[in-house]
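Peer 1: Based on these hints, arrange chain G on the given structure of chain C.
Protein chains: 2
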Amino acid sequence: MALSQPEEIGVGTMRCRCGVDVHAHVIPAEFPAYLGSAAPAGWPSMAPADACHRHVMIDGKNYRTVSDKCWTTARRLADFEDMGLALQAISPMPELLSYWLPAAAAAQLVRYLNEQIAGMVNESAGQLIGLGAVPLQDMDLAIRELQYLKATPGFAGVEIGSNINGVAVGDPRLDPFFEACEALDMAVFVHALRPAGMDRLVGPPPLQQVLAYPTDVGLAAASVLTSHLITRRPKLRLAFSHGGGTLAMLLPRLEQAMSVFPAVKDCVGHSPTAQARALFYDALVFDTPTLQHLVSTFGESQLMLGTDYPFNFHDHRPVARIQDAGFAPPVQDQLLQANARRFLGLPSSPSPASTGITT
Amino acid sequence: MALSQPEEIGVGTMRCRCGVDVHAHVIPAEFPAYLGSAAPAGWPSMAPADACHRHVMIDGKNYRTVSDKCWTTARRLADFEDMGLALQAISPMPELLSYWLPAAAAAQLVRYLNEQIAGMVNESAGQLIGLGAVPLQDMDLAIRELQYLKATPGFAGVEIGSNINGVAVGDPRLDPFFEACEALDMAVFVHALRPAGMDRLVGPPPLQQVLAYPTDVGLAAASVLTSHLITRRPKLRLAFSHGGGTLAMLLPRLEQAMSVFPAVKDCVGHSPTAQARALFYDALVFDTPTLQHLVSTFGESQLMLGTDYPFNFHDHRPVARIQDAGFAPPVQDQLLQANARRFLGLPSSPSPASTGITT
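These protein sequence lines are chains C and G, in that order. Letter 292 of the first sequence, counting from 1, is numbered 292 in this note's numbering, and no numbers are missing. Letter 118 of the second sequence, counting from 1, is numbered 118 in this note's numbering, and no numbers are missing.
Treat the hints loosely; a few may be bogus.
Straight-line distance between alpha carbons at most 30 Å, and here's what the computed DSS-like set of lysine-lysine pairs gives [said to hold, decoys possible]:
1. G:Lys265 x G:Lys235
2. C:Lys265 x G:Lys61
3. C:Lys61 x G:Lys265
4. G:Lys235 x G:Lys150
5. C:Lys265 x C:Lys235
6. C:Lys150 x C:Lys265
Covered stretches of chain G, as calculated for chain C (at least 3 residues, CB under 8 Å) [what the hints assert, rightly or not]:
7. 25 to 33
8. 87 to 97
9. 105 to 113
10. 221 to 230
One side only, chain G facing chain C, incomplete, derived with CB under 10 Å [said to hold, decoys possible]:
11. Met57
12. Ile58
13. Pro214
14. Gly218
15. Ser296
Keep in mind that the hints were calculated from the coordinates and are not lab data. Cβ coordinates follow ideal geometry from the N, Cα and C atoms, glycine included.
So here's chain C without its partners, still in its complex pose (with noise of 0.2 Å):
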């Protein structure tokens, strides 16, 4: 994949298009009927609403007004150069993961996702790759699902939500996945999906989105530590949402406790704060000095560009934020496309990224 040349926006900046972004969701543009007799309570479907913009229904309620880059590859591509994106790893809306649905109605349903993404991909003359889903809510399902994807051209991985129907990632009843995961070589997106923390909520319905998200992120990820998954599958290759979302907050607690508590001691085993370093988290953080302390925390090796692209809570200017955050210009190119691909399985970058030169 060639990068393209630099292009010049504003005074005196030189921006790359050279961005990997691990965070971008896909909606196909219609669902399918159920197999069975009755589809299941949570079968989603679409209804019409504008030129450009469907209704995802779900359970005769509209669960979100969505255009059509969710599903057409070329209205996505278009937005490439503004974005400054070279590559996009494209992953279901998480709510269509489907876990609290009846198994077999859930691996009929990701699926036809993975179908449609890898159709997106193979469309995108090499700009997208798939983060496909599977149907944790069943580990024999889960684990044919990975196996198929892994035999499927366009997956780099999966996606799976920050709790599997209230199981933490790190509950050790999920370790069958992630062995299988790792002696695949499939990377893994962890994303927030129907979050703890919901009654604590005072106000509208999109703070689910924007306080119990990465509230639950972080719990998923400082899960993770405690079970120490990541030392007990190192080559596992495992990133978080959102920044980690409330993870940088709770790290230096559950360090300090390790000298407090035996019990957090044995049962964590190994620092949390070295295992955090091993994991990987997007940047959509929208915050310059908060990009600046996750990088410090978890290490210029493991922050990547994400953008929750196209939903409306996404991020404009991914590479220009990186790139105006004052980092040296090698921490630039590992933030804008370096661990992402290391993340993703991929090839390096043919050449170093242009970033943030000044003419």
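Peer 2: For chain G alone, coordinates are given in the frame of chain C:
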């Protein structure tokens, strides 16, 4: 209250004994008998342990084994020199706030706690000040207890939980209480209690304190921002334990959401970041880069020394930790004592503290 002379610790560093600790706890030596016919579930009692320790028993189980530093003023004050403290605000062990007891029973218990705190303050020669308890499950009784605390020598304000039986601190149902706190000029210290997110923890029971406590505090502080409590009650002095918990990681996303979701903008009204810089936080985060990030995020005027003394997860070197964090001397002075005095409604220190002077 005169400051003691700086004490020399280690090589080349002068330590003050000027710190004002806003986060320290009290447990009485004994609990009273319930005044009614049969004590309700959750009524605490004491059981002997070794010479210096007792077990706090709740519903027949050992809730926590604690030392006599919890109730013996002289034992507590004897630690002030090593910790570098001039003044400590003492509040009940949060589990004793008893929001889940019948209101009349809770009123009896917290009045007893408040009397014990007043007694400790009285025998401390000006080195302790009280943050009392109120039975917030009953608004009338809570405001009546607040008025009692205001009229009783030794109290600067109250400690409340990060949620009241699941109701977040920013919930409008609690507004009459905050109106009374503002009117009576009583400080409010919000401490983690019975937190959200417990079902996301993978590991031993202390993870409640380690991970779920800061999670609940972060959500509590966020609820205060989304209900713009501090803009509605600008004279209210409101502080959050554990560095505001996870708030610092939630805040940029909440700020960004103001320009994405009209419902969030309509609800929150005022910049969450600006609001957050009008709240107080303790500095109990056990990590210098995190403390620096909090000071940068919330402002030099809003962080205060906090220890969680005398529990086993307390900070043994709170003053040294702040003095060694690289802040300019005036900022050190703010964090060590000036901000806390402002939060507690006390006069400024008679002279600027001598902090971090290299001999």
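Peer 1: Take the hints in turn and mark each one as holding or not.
Peer 2: Each hint tested on the structure:
1. G:Lys265 x G:Lys235: Holds, because 23 Å separates the two Cα atoms, which is no more than 30 Å.
2. C:Lys265 x G:Lys61: Holds, at roughly 24 Å.
3. C:Lys61 x G:Lys265: Holds, at roughly 24 Å.
4. G:Lys235 x G:Lys150: holds (16 Å)
5. C:Lys265 x C:Lys235: holds (23 Å)
6. C:Lys150 x C:Lys265: violated (37 Å)
7. 25 to 33: violated (count 0)
8. 87 to 97: Contact hint for the region 87 to 97 of chain G vs chain C: violated, 0 residues under 8 Å.
9. 105 to 113: violated (count 0)
10. 221 to 230: Holds, because 4 residues of the region 221 to 230 of chain G bring their Cβ atoms closer than 8 Å to Cβ atoms of chain C.
11. Met57: Cβ of Met57 (chain G) sits 21 Å from chain C, so the hint is violated.
12. Ile58: violated (20 Å)
13. Pro214: holds (6 Å)
14. Gly218: Holds - the Cβ of Gly218 (chain G) comes within 10 Å of chain C, reaching about 6 Å at its closest.
15. Ser296: Given a least distance of 6 Å, the restraint on Ser296 (chain G) holds.
Checked against the numbered hints above, the structure violates hints 6, 7, 8, 9, 11, 12; every other hint is satisfied.
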